[in-house]
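Each protein sequence line maps, in turn, to chains A and B. Every letter in the first sequence is one number past the one before it in the working numbering, and letter 169, counting from 1, is 169. Every letter in the second sequence is one number past the one before it in the working numbering, and letter 77, counting from 1, is 77.
Certain hints may be false.
[Claimed, not checked] Quick list of in silico lysine to aspartate or glutamate cross-link-like pairs, EDC-like style, CA-CA up to 16 Å:
hint, chain 1, residue 1, chain 2, residue 2
1, B, K348, A, E108
2, B, K348, A, E100
3, B, K96, B, E125
4, B, K348, A, D46
5, B, K189, B, E234
6, B, K348, A, D109
Because the hints were derived from the structure by calculation, they are not lab data.
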Amino acid sequence: MTKRAPDVRSARLSREEIDRNFADLHPPLRRPEALIAADRCYFCFDAPCTIACPTGIDIPAFIQKIRSDNIRGSARTILEENIMGGMCARVCPTEVLCEEACVRNTHEDKPVEIGLLQRYATDPVLAARTQLFERAPSTGKRAAVVGGGPAGLSCAHRLAMLGHDVVVFSRDDKPGGLNEYGIAAYKTVDDFAQSEVDYILAIGGIEVKNGVSIGEDVTLDSLCKDFDAVFVGVGLGSVNSLGLDDESLSGVESAIDYIAELRQTDDKSALPVGQNVVVVGGGMTAIDIAVQSKRLGAERVDIVYRRGPEQMGASEFERHLAQINGVTIHHWAAPRRLIGNDHVSGIEFERTKLGTEGRLTTTGETMRFAADVVFKAIGQRLADEPIGSSIETERGRIVVDDEQRTSLENVWAGGDCVLGGDDLTVSAVQHGKVAAISIDRHLTEDTAWPT
Amino acid sequence: MADLSCEFLGIKSPNPFWLASAPPTDKAYNVHRAFEAGWGGAVWKTLGEDPPIVNVSGPRYSAIHSNDRRVIGFNNIELITDRPLQTNLDEIRQIKRDWPDRAVVVSVMLPMNEQTWAKYLPMIEDTGADAFELNFGCPHGMSERGMGAAVGQVPEYIQMAAEWAKSAASIPVIVKLTPNVANILPPAKAAKDGGADAVSLINTINSIMRVDYDSLTMYPATDGMGTHGGYCGEAVKPIALNMVAEIARTKETSGMPISGIGGITDWRDAVDFLALGASNVQVCTAAMVSGFKIIDDLTDGLSTFLDDKGMSAVSELVGRAVPSVTDWQYLNLNYVEKAVIDQDLCIKCGRCHVVCEDTSHQAITHTVNGERRFEVIDEECVGCNLCVSVCPVDRCITMRQLTGGKDPRTGVEISDEKLNWTHHPNNPMRQQD
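So here's chain A without its partners, still in its complex pose:
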């Protein structure tokens, strides 16, 4: 490998080029398109798409309302099951959820465009800030929600609807969680994440305290004392390390942190971008950082994943997106060594293969990539100082029952931080909703905590 100075600089592309590259990935349907797309829905019995939706949106019902030009009614059908139906319409991997289940696939390989239709129905309601739900009479009960991401906001909204007062404690400067800080920029343009947060909060009864970290600024114990119920939706705070020496080399970065910076900056052309970028990982975050690096002007972007395509967390659609953006995906290689003195200049991988019982083994064969930037995108884990040591966890995640109840009385949890969380906004929203319904039941009925 030839020695050369690290090439990491901003403004690889003009601002105009970058604006173009970060425009809406799936532009919204216009009315004629939406009406024709809606006409393709067969209004199935016990619809497979609805069964496939983690939040159980009655998809044929909302599409029928699009057909009959009842957009507000359509949005109500969506939002009553999923208050983040707008964001989910943009970021859900519909190709492995509702659209994969669509019966149209059988003979046509072209499902009803459910995601785009959901956006068509929800966009006008959010843009006009039309409130479709009213709060029930006050119960006088107070709930704390820890975490301002999809799980927390979903829980808070449903609790507020049910007449409870809610305080949301958010670690960040503004609520939204990964919707605000984590999702690829071209999936949620025009500050949609904050518009959606504003819409959710507008129901009333929800106070948001930003910049408050659990374990540092407040403790779970104190929240349990001060509130009638606590919901924990803190996500996964820490990024997994590669487990290599020299991970502190400059240029070795967390994909999550970089994306957060990218999402918050006013001028993407000012972001430092490597000429050669290597992404280690195989999930959605790996695709997001790879594609966004390419769209910021990186010359060469490689994703390296230690297993095969079938094991990747990124869906086929996401992998295709990476490929058409000029990203190369390499399989069956695990990181072994970072190369470089102060700044990373390359990374060495060792070829892997499946051994007995499906265990990954190494082959001894190595390969090297030149790298000005190495992104770690190999997953996250619950922050080291989570929420109190007394709560039961397993494999670094909080254990919950089917009502999202934890081992601690009056403490519920949901989203990525719980066991069974799957890094999807839509699942987090469902956890929050299910927890809120359970909280409401516990607060209004005499229900014993399960032991």
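For chain A, the structure is supplied; the task is to place chain B on it using the hints.
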């Protein structure tokens, strides 16, 4: 390619597709364009007395659309021609001269007195027109003045006017019937009794399209007020087919040539009309929706169809399906069919299940051995064809005749013998023989 040329009342035309009397045939300019495009004939937009009537200067048409804006049904409140009679006569004369191989029929609507008919018909015939069509069908505007459908709804008036027309004209007379009657046979018989050479049907159906959802007033409107119009387009075809078949299969009216009209949109619709007894067809809405070029699909499709059927002339198709139309009481009640779902074609949408469950006979499963699966339960299936009608996959659900053995639903042995209601034991009025 099968030759489509045909004769109707001795009038030759290169194909059986005539433009119906309507806005497309109001002027020589339009008719000339139509003939250039290949239409076989035209029934000139209805002439009346001078001074001409006046049309509204506002919306005359509106439509029922599918979500991709395909026109399914169409409505109009336009009246007969609003141009001076002489202008029309001059243009008809010129068109017939320029297009001698095309049928040029003139539609007329006149007040109910014999002198008027005796005065105008010879003037019109002098243009060289091939036939008259008496407009006893227009359901709006003119009917308020005692013409159009107001005549067509009273068989005695039809017969009277047909007689006047026949005595004033030497060319054939076609009576155009209104569907706005309880029974089409008395008007058809009256036309025949009055000496008419043929009937044409249907004219448009009384209709109001909808309201305006903002103002909650009728739509479309003229200065805030609306009036009912005439409904046409593909939505009305089944109504027209029934009336055509009734005339064709009823002894008193059968044998009278029929010009079929009502929602003909593609060549298959023409096959329906011809097979059910029409000798040619007239088209308006399809042209008003797509322009005259649509004639190419109509003629090409019909010709190809005749080739496929081994037929060399349209006349071989005319009336072919008439013997298969009968009264309900003659249907064979011993005949049993069951629906069959082709599991290889089934996409598991479940529409067959839910409609059968909700609105019919609970004869389709939704789960079999714990799997989402839709199968017909022969013990419940009455063979109603609802599942076939709603299934989104063509030929996925078909009907299968049961022959021999018992009908699992009724437990009754299936008989080869025919049994209709006239002889059914449940019929207290059954015929004993």
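Compare the structure with the hints numbered earlier in the document and write down the numbers of the violated ones, lowest to highest. Of the numbered hints, just 5 does not hold.
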